[in-house]
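K.L.:
This is what each chain is made of:
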Amino acid sequence: MVRALKAITLIGATLMSADSWGQGGSIRSWVDSTEVVQDRPFWLFVEASGETIEMPQITQGEGLVINSSRPQQTTSVTIGGRRRLQTIKLSYSTMALRPGEVIVPPQKARINGRVLQTEPITLNVLPPPEGTPPRPNPVRAWVSEPKVAVGEPFWIYLEATGSEITLPGTLEIEGITIDPRNSKQSMSFSSGRRGQGTTKKRGFYAIATRPGKITVPPIEIRVSGRTFETEAIEITAEESTVASVPPAQETPSAAELKQDDLVFIEMDINKYEVYQGEPVLLTKQLWRIKYRRISSGPYRGGLIVDPTTEGFYVHNLEPGAFEAMRGPWTYEVTETRKLLYPTRAGSLRVGQWHWEGIALINRHSIITNDKLYFELDAGPIDIKVKRLPKSAPPGFTGAVGEFDVSASLETESVTQGVPLKFTLTVRGWGNPDAIGAPEFPELAWASSNKPEATHRFLKRTGDGELQMAKYFTYTLTPLKYGAATVPSFNFVYFNPKSEVYVRKAIGPFELEVLRSGEVAQRLVIPSGAGIIERNIDILAEDIQPLLGLSRSIDVNRPSRVALPSVLAAPVLIYLGLSLFMLRRRRFATNIALARAHKAKTSGLKRLRGVAEADEPADALYRALIGFVGDLFNLEEYGLTSADVTREFENRSIDPGLSERTVRILKACERARYASQELSGDEITALLSAAKACMNELKSSKKKARRS
Amino acid sequence: MSVLLSMLMAASILDVSFDAATKAYNEDNYAEAVTVLEQLVAYGVVEPEVFYNLGNAYYRSGRLAHAIANYERALQLNPRLEGAQENLDASIRQTERGLSRPQPPDWEQSLLFWHDNIRRETSLRLAVLAWCLLWALLAIRQVRRFPYLRRSALALGLLAAIFSTSWWVKSSPQQLAVAAHRGVPVRYGVSDTETVRFELYEGDRVVIDRRHKGWARVETAGGERGWTRDEYLVFVGPPYERPSYQGTEAGPQNASTDPRLEGVLPQKDAS
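So the protein sequences, as listed, match chains A and B. Numbers given in the numbering used here equal positions in the first sequence, counted from 1, plus 508. Numbers given in the numbering used here equal positions in the second sequence, counted from 1, plus 48.
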């Protein structure tokens, strides 16, 4: 029954869905519960379905704030036949501002070309329960330094947390000038089950214009449809530029940590008004709090946009990282610096720096981290670039900065025709690429070429300026001998600090040119002189002497036999040894084989002792029986001629051979048992016959084995 | 017996020739020294000292390419021959570009990185020793089995393979040649009408990877490759060819053969 109901429901839903397609889409809105508490965020859901959907435009209601800036969105697509149905679900963080009945107005969207709207939702808003602490002020203001010096810049920060935040664009404060060209702003947002929160921060670049107490008045900020005021701040402005020591602060607890304290960025320049070509140091800093359980940084897909520097010649400096305190917190600061050299006069802008990142906060949980996403912006910064004064003296080649100039000759004594180097060093701060070679005086006694120019950066001074050195190397080739002089000449640059052109004299330098052929104190060989040197004397560089031979010279005729022989010898030896060992092992394990192998040797040995034996017939008998026993692996003790005959028959030994052997044995038996002693000739004949039988028996067995 | 006698006689005559070349060199008669030493090489003498002295004689004659080729030969035969590397370096410094020697293949550089300063004969001796020890160990294993015998045999087998590879590489080294004069044209193909791809300078060392009808395909240390005529090159060898290019400067081609040696040196065995 239940299954039938479910099926009917499914069919109905399908039909309805098909109907909605046919009618051109649908839109609906709802809340988790129509009973909500004042000032507590809840989620408002809007869902639109159709083939083409234009995002619904949120209509705010009376007594209600719907945060429309960053709704959470899920999209699903269903394809049926040729149609493609799209469903968009948006979740808005919403908050009721007053108790009683509050209506969420109908929300509209354009679906399939038609404007559709949701039904209004009536909410029953309950007042906050008694004992609930009052909601903290969602806005705040603070300054970077409570004690400032007149004329020195500092920052005033405004921050608001909530939804629908409107921060003021600028501030008007008595005793303080706000520079609207330089500001920094950041935004972070978080979302959870109960709603969504956004934190916006804006920093204003401020300069105190008078000494004494200056009050930053309460500043109105509109958050979540309401207007809040920051607390007033008192600043002490002093004439002295000596920085005051801030009072020691106690280590604050994590509870005091604001979202905006976790990560923030700062971008600054060291000058806002410069001359064309005068270097400007741009510093970008990413501040990330150094606090256990919090890690932060960029995330995959996060957008990071470097500031644009159109109109500047840029020199990137080495990035750096350090730790610094800001308020009570310790931060890891990643700093990147660039030297900007304005290439034209007028107003130039360093673009906005945009940084998106994430902070992971571990609130005593092993598995999950709270995530806070940040979208931070700093800048843009405008720089006014002034033209260089028109009264440029002759010899000015474009160097702007502050420089020291030195020059040196490679040697004070040189041979006529041998080139020498004259090096001019320009050291200071300024754009090295804008420093042109000074006009070198014409020399009557030498020819000179265009200088080779190189430069390198040295180090940053305490003023934030980067020291550099540029080297101009002239090659002079003396044409005349005698006393010579490099006359004085000028290097001209514009000093933007004193706003005047500076002329620095170089030289004069004196040297002695020796007549060609005279010995110079020091010879300078130009780089291209190698070929000439070789043409003059190839033997300039001496070589090691000849070698003698301690042995007699012989013609090396490689032997075609020796090496293969040497290589083959160990292999052959090994193979022989292997065969020997194999046989030995076989004899050790196979007694019949071993006896048969030794039979002939031992048999012949025994036969040799027959002639000298006391009873030759007995010795002969034993020798032959022993041989037969060994050859056929028989127990020789008690073996008679009859046994031998039987054994030979069993083994198919040639009958003739068998008969001869047995006759020898019988002859010996007769001699042993019938006291018919054999004469010497008979013994000799029997020995000879026995030897022949042994040989034949051995051969016969070999043949039998082979067959 | 007669063969032995003739060999002994030839050996003593070769020594005399070597001494004569040294004497000619010491008397600043480098052309004669070159001639005599070249005759020794042509006769089949393959001694590093002979090539070294020949290199010196060529160097003093102003024949940089031939000097470099002979120092290379001497170093091939004995990489630790006293003074050869220094003289080769000095000669290379005299060349226009000072190009380095083309490197052997990667596998050789990685596997045989250690054998540069080892003579070919040493590699062979080590290989034979490892080979014999390997079989000796295997034979011992037949009689009695000791612990680690198998691993030791395996290690010896590996050593024998490595040393024999080293010997083989040294016996058939990459074919080096030296450009004999300035502006040797290296072309895209085997014809004088082919476009010149690049030029070699006197003393530039190249690897020969192919020879075809009087042309050689060369590759420089920088990887440039092309064809040039054999006659513009001095081949390092082996085999140790007599240089075909005699140049235009006064040198070996104009030098008279040492009259003391005329008809003294035995004719080279045709076999």
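It cannot be assumed that every hint is accurate.
Stated by the list, open to error - Computed footprint of chain A on chain B; a stretch qualifies when at least three of its residues, placed anywhere within it, have a C-beta under 8 Å from a C-beta of chain A:
#, stretch
1, 82-95
2, 157-168
3, 176-186
4, 194-204
5, 276-288
It should be emphasised that the hints constitute simulated quantities derived from the structure, not laboratory data. All C-beta atoms, glycine included, are put in the ideal place defined by N, C-alpha and C.
K.L.:
Evaluate each hint against the coordinates.
P.N.:
Going down the list of hints, with the structure as the test:
1. Check result for the stretch 82-95 of chain B against chain A: holds, 6 residues qualifying (beta carbon to beta carbon below 8 Å, three or more required).
2. Check on the stretch 157-168 of chain B: 0 of its residues sit with their Cβ under 8 Å from a Cβ of chain A, so the three-residue criterion for coverage is violated.
3. For the stretch 176-186 of chain B, the stated coverage by chain A holds: 7 residues have a C-beta nearer than 8 Å to a C-beta of that chain, and at least 3 were required.
4. With a cut-off of 8 Å between beta carbons, the stretch 194-204 of chain B has 0 residues touching chain A; three or more are needed, and the interface restraint is violated.
5. Counting residues of the stretch 276-288 of chain B whose beta carbon lies closer than 8 Å to any beta carbon of chain A gives 0, which falls below the threshold of three, so the coverage claim is violated.
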